[in-house]
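Asks: Here is what each chain is made of, one letter per residue.
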Amino acid sequence: DSGVTQTPKHLITATGQRVTLRCSPRSGDLSVYWYQQSLDQGLQFLIQYYNGEERAKGNILERFSAQQFPDLHSELNLSSLELGDSALYFCASSATGTPREYEQYFGPGTRLTVT
Amino acid sequence: AQSVAQPEDQVNVAEGNPLTVKCTYSVSGNPYLFWYVQYPNRGLQFLLKYITGDNLVKGSYGFEAEFNKSQTSFHLKKPSALVSDSALYFCAVRDKAAGNKLTFGGGTRVLVKP
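Chains as they are written, first to last, in the numbering used here: chain F, 1 to 115; chain G, 1001 to 1114.
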């Protein structure tokens, strides 16, 4: 168990809908990362937050947005869903200012199926 | 841009034999390299990292990796594979220009046969 939790585990929804994925980082970790894993694109970085502020952005679609709250949990919002958004979405967290700060610990993922 | 490549989609090995999973990298500056393992229906688990120091890095579950600067490689190794090592393995590199984001290779599926 990495200490990173994600809810829900599975999500089935229809095209055009909007969903919210939630992540709680390991205790004390200030950085949260979101990744998408799909068969055709592999593992892709979406976005990073550090202590509530956006730190880095990857190939994240404009239909997708994220935020990190004062209690450090993060949410990834996906809107106007398309079939191609079906994927496994991972959240990861990392510490800062420690010898392990470059190690990212991943949650179990949320499997999104768009029908 | 930082990148890693895993040239083998799948590696088959008999239980008890040595296991090697290959990774090559392309980075500017000194690389920060990682190996992760993914079991079915699970998240990625951190195995080991290379940042600086000894070229041979020891990690979890008996895995180790050898950093080779001249060959720009970071191969994952285990002296004696177990059936339970069957999983998907990812090599990754930290992109210092973009926070601490990880760029992953395409993954190598390892199948250890009894």
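It is worth saying that the hints were derived from the structure and are not from the lab.
A few of these clues could be false.
[Stated by the list, open to error] Computed list of lysine to any residue pairs in SDA-like fashion (alpha-carbon distance at most 20 Å, straight line):
(1) F:LYS9 x G:GLN1045
(2) G:LYS1096 x F:ASN77
(3) F:LYS57 x G:ALA1001
(4) F:LYS9 x G:LYS1058
(5) F:LYS57 x G:LYS1058
(6) G:LYS1049 x F:ASN51
(7) G:LYS1058 x F:GLU103
(8) G:LYS1096 x F:ARG55
(9) G:LYS1096 x F:ASN51
(10) G:LYS1069 x G:TYR1032
(11) G:LYS1096 x F:LYS9
(12) G:LYS1096 x F:GLY97
(13) G:LYS1096 x F:GLU101
(14) G:LYS1096 x F:ALA56
(15) F:LYS57 x G:ALA1098
(16) F:LYS9 x F:GLU101
(17) G:LYS1058 x F:GLU101
(18) F:LYS57 x G:LYS1069
(19) G:LYS1058 x F:PRO99
(20) G:LYS1096 x F:LEU30
(21) F:LYS57 x G:ARG1042
(22) G:LYS1049 x G:ASN1030
(23) G:LYS1096 x F:ALA95
(24) G:LYS1049 x F:THR98
(25) F:LYS57 x G:GLN1002
(26) G:LYS1049 x F:GLU101
(27) G:LYS1049 x F:TYR102
(28) G:LYS1058 x F:TYR102
(29) G:LYS1049 x F:PRO99
(30) G:LYS1096 x F:PRO99
[Stated by the list, open to error] Residues from chain F that keep clear of chain G, each with C-beta distances beyond 12 Å, as calculated:
(31) GLY16
(32) SER31
(33) GLN37
(34) GLY42
(35) ILE47
(36) GLY52
(37) PRO70
Glycine included, every Cβ here is placed at the ideal spot set by N, Cα and C.
Asks: Work down the list of hints and note, for each, if the structure agrees.
Replies: For each hint, the structure was consulted:
no.: 1; hint: F:LYS9 x G:GLN1045; in the structure: holds, 17 Å
no.: 2; hint: G:LYS1096 x F:ASN77; in the structure: violated, 26 Å
no.: 3; hint: F:LYS57 x G:ALA1001; in the structure: holds, 14 Å
no.: 4; hint: F:LYS9 x G:LYS1058; in the structure: violated, 32 Å
no.: 5; hint: F:LYS57 x G:LYS1058; in the structure: violated, 31 Å
no.: 6; hint: G:LYS1049 x F:ASN51; in the structure: violated, 24 Å
no.: 7; hint: G:LYS1058 x F:GLU103; in the structure: holds, 15 Å
no.: 8; hint: G:LYS1096 x F:ARG55; in the structure: holds, 12 Å
no.: 9; hint: G:LYS1096 x F:ASN51; in the structure: holds, 18 Å
no.: 10; hint: G:LYS1069 x G:TYR1032; in the structure: holds, 12 Å
no.: 11; hint: G:LYS1096 x F:LYS9; in the structure: violated, 31 Å
no.: 12; hint: G:LYS1096 x F:GLY97; in the structure: holds, 15 Å
no.: 13; hint: G:LYS1096 x F:GLU101; in the structure: holds, 13 Å
no.: 14; hint: G:LYS1096 x F:ALA56; in the structure: holds, 10 Å
no.: 15; hint: F:LYS57 x G:ALA1098; in the structure: holds, 7 Å
no.: 16; hint: F:LYS9 x F:GLU101; in the structure: violated, 27 Å
no.: 17; hint: G:LYS1058 x F:GLU101; in the structure: holds, 18 Å
no.: 18; hint: F:LYS57 x G:LYS1069; in the structure: violated, 29 Å
no.: 19; hint: G:LYS1058 x F:PRO99; in the structure: holds, 16 Å
no.: 20; hint: G:LYS1096 x F:LEU30; in the structure: holds, 17 Å
no.: 21; hint: F:LYS57 x G:ARG1042; in the structure: violated, 25 Å
no.: 22; hint: G:LYS1049 x G:ASN1030; in the structure: holds, 13 Å
no.: 23; hint: G:LYS1096 x F:ALA95; in the structure: holds, 16 Å
no.: 24; hint: G:LYS1049 x F:THR98; in the structure: holds, 14 Å
no.: 25; hint: F:LYS57 x G:GLN1002; in the structure: holds, 15 Å
no.: 26; hint: G:LYS1049 x F:GLU101; in the structure: holds, 11 Å
no.: 27; hint: G:LYS1049 x F:TYR102; in the structure: holds, 9 Å
no.: 28; hint: G:LYS1058 x F:TYR102; in the structure: holds, 16 Å
no.: 29; hint: G:LYS1049 x F:PRO99; in the structure: holds, 11 Å
no.: 30; hint: G:LYS1096 x F:PRO99; in the structure: holds, 16 Å
no.: 31; hint: GLY16; in the structure: holds, 28 Å
no.: 32; hint: SER31; in the structure: violated, 7 Å
no.: 33; hint: GLN37; in the structure: violated, 9 Å
no.: 34; hint: GLY42; in the structure: violated, 5 Å
no.: 35; hint: ILE47; in the structure: violated, 9 Å
no.: 36; hint: GLY52; in the structure: holds, 14 Å
no.: 37; hint: PRO70; in the structure: holds, 20 Å
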